[in-house]
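Respectively, the protein sequence lines represent chains W and X. Note that the first sequence covers residues 1 to 236 in the UniProt record's numbering. Note that the second sequence covers residues 1 to 236 in the UniProt record's numbering.
Any given hint could be a false lead.
[To be verified] List time: in silico DSS-like cross-link candidates among lysine-lysine, alpha-carbon distance up to 27 Å:
1. X:138 <-> X:92
2. X:146 <-> X:199
3. X:4 <-> W:92
4. X:92 <-> W:4
5. X:63 <-> W:146
[Claimed, not checked] Derived, one-sided and incomplete: chain W residues facing chain X with beta-carbon distance under 8 Å:
6. 50
7. 62
8. 66
9. 76
10. 78
11. 105
12. 150
13. 153
14. 197
These are calculated hints, taken from the structure and not from any lab test. Glycine included, each C-beta is placed from N, C-alpha and C at the ideal position.
Number of protein chains: 2
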Amino acid sequence: MELKLYVDRLSQPSRAILIFCKANGIEFEEVKIDLAKHQHHSPEFAEVNPMKQVPAIAHGDFKLFESHAILIYLASAFPGVADHWYPADVRKRAKIHSVLDWHHSNLRRGSVGYIFNSAIAIAIGAPLNLEAAAEGEKLLSASLAKIESYWLQEDRPFLLGNEKPSIADLSLVCEVMQLEAADESERERILSPHKRILKWIEDTKNATAPYFDEIHSIMPLARENIKELKVQASKP
Amino acid sequence: MELKLYVDRLSQPSRAILIFCKANGIEFEEVKIDLAKHQHHSPEFAEVNPMKQVPAIAHGDFKLFESHAILIYLASAFPGVADHWYPADVRKRAKIHSVLDWHHSNLRRGSVGYIFNSAIAIAIGAPLNLEAAAEGEKLLSASLAKIESYWLQEDRPFLLGNEKPSIADLSLVCEVMQLEAADESERERILSPHKRILKWIEDTKNATAPYFDEIHSIMPLARENIKELKVQASKP
Chain W
1 MELKLYVDRL
11 SQPSRAILIF
21 CKANGIEFEE
31 VKIDLAKHQH
41 HSPEFAEVNP
51 MKQVPAIAHG
61 DFKLFESHAI
71 LIYLASAFPG
81 VADHWYPADV
91 RKRAKIHSVL
101 DWHHSNLRRG
111 SVGYIFNSAI
121 AIAIGAPLNL
131 EAAAEGEKLL
141 SASLAKIESY
151 WLQEDRPFLL
161 GNEKPSIADL
171 SLVCEVMQLE
181 AADESERERI
191 LSPHKRILKW
201 IEDTKNATAP
211 YFDEIHSIMP
221 LARENIKELK
231 VQASKP
Chain X
1 MELKLYVDRL
11 SQPSRAILIF
21 CKANGIEFEE
31 VKIDLAKHQH
41 HSPEFAEVNP
51 MKQVPAIAHG
61 DFKLFESHAI
71 LIYLASAFPG
81 VADHWYPADV
91 RKRAKIHSVL
101 DWHHSNLRRG
111 SVGYIFNSAI
121 AIAIGAPLNL
131 EAAAEGEKLL
141 SASLAKIESY
151 WLQEDRPFLL
161 GNEKPSIADL
171 SLVCEVMQLE
181 AADESERERI
191 LSPHKRILKW
201 IEDTKNATAP
211 YFDEIHSIMP
221 LARENIKELK
231 VQASKP
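Only chain W is shown next, with the shape it has when bound in the complex (with noise of 0.2 Å):
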């Protein structure tokens, strides 16, 4: 049965999906949903996922959206995917689920507001909002220093303590790598006071290489797109 993934890896999530399914081999067709080009907004997708957000899935004809989900599925229902990415012990799973879910509301959301009002938006015509941008970045930099305090346990290199990256792991560092976006004097601001935050990224990559870095390729070509676009947009 065919998996097509709905993807544009502009979009964190959508990277936490290709690489899940490269690091685990999964087969797929990568089908690309620009948003640039407002692809989401077409009738076609809208027949993969109505609320015309990438990532989505089609599984043969089950089709699937919302990223979290998307990578609970994927690992429940592919044979060969290590219990470690989405653990079958019932409370283990349940601190997964807590993290995936405090995610939405605080690093996603902050990091979001924050890199979308002062980067992205513009990469997708839409207008630049600064006093936006600032409140995202609070929230972002609370998360991040939250994920230190607590989700990143003692010394062990991933989230809740474990010594293999999770779905939570790949979701939450995708999250964190959209800063590339970002001139690179704004990401080191951001980031430079978090080192455990900076050592999880590299942890992260380098449990799911080649693909962590062939997937975020995409990331420097974006962040020069959007200086360009800045510099033409400030020329009278």
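Mind docking chain X on chain W? Use the hints.
What follows is chain X alone, placed relative to chain W:
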């Protein structure tokens, strides 16, 4: 092994968990964390949930927060919970995760933005913010419309075309019920265009009787209290 629920019935996800346990014959001790008295900021409660939010649970020495993670855990860890609440089938389960994930950035965000800033805030000593409330109402109304047009399929009573409720129905309906804290005319204005939402509330209430009404009996009291606080606040 004892189950403790750390809740305030004024919190919509707290009510969802209370109703779930009662409807499924799960025994528990209800530990009230009074939000109006800022008990969620106490050092004792931080030991249960370092994020300082209700609901949270302790099941023996296992602690968990985030209401969706809790509902999934309870449905999985306690024998005797009927399958319709959280189906074992991987695809049915995936669809429920999809609703629950969608909820965070849509109905939940809109509802909290509206009702907290227009009503609940005053009950816990925080300022009202009518601009933020109006912003929340937009997303709330769009989310209610999306539930009617997409998640409530055909003429079935529950989300995803189901004949019996899942944890997603309970979570989302309890969120909509938070509008009981608003003035009756405000609630009428927001909900009356959404006839299927009103029927869905009734169906969920009937499926979990008598516990739904029992746990929601706090809401008219909260509404009257908020009205009174608003009157006091408007006096010079």
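Do the hints match the structure? See the list:
{"no.": "1", "hint": "X:138 <-> X:92", "result": "violated (30 Å)"}
{"no.": "2", "hint": "X:146 <-> X:199", "result": "holds (15 Å)"}
{"no.": "3", "hint": "X:4 <-> W:92", "result": "holds (19 Å)"}
{"no.": "4", "hint": "X:92 <-> W:4", "result": "holds (19 Å)"}
{"no.": "5", "hint": "X:63 <-> W:146", "result": "holds (18 Å)"}
{"no.": "6", "hint": "50", "result": "holds (5 Å)"}
{"no.": "7", "hint": "62", "result": "holds (6 Å)"}
{"no.": "8", "hint": "66", "result": "holds (4 Å)"}
{"no.": "9", "hint": "76", "result": "holds (5 Å)"}
{"no.": "10", "hint": "78", "result": "violated (10 Å)"}
{"no.": "11", "hint": "105", "result": "holds (6 Å)"}
{"no.": "12", "hint": "150", "result": "holds (5 Å)"}
{"no.": "13", "hint": "153", "result": "violated (11 Å)"}
{"no.": "14", "hint": "197", "result": "violated (18 Å)"}
Consistency note: the structure conflicts with the earlier hints numbered 1, 10, 13, 14.
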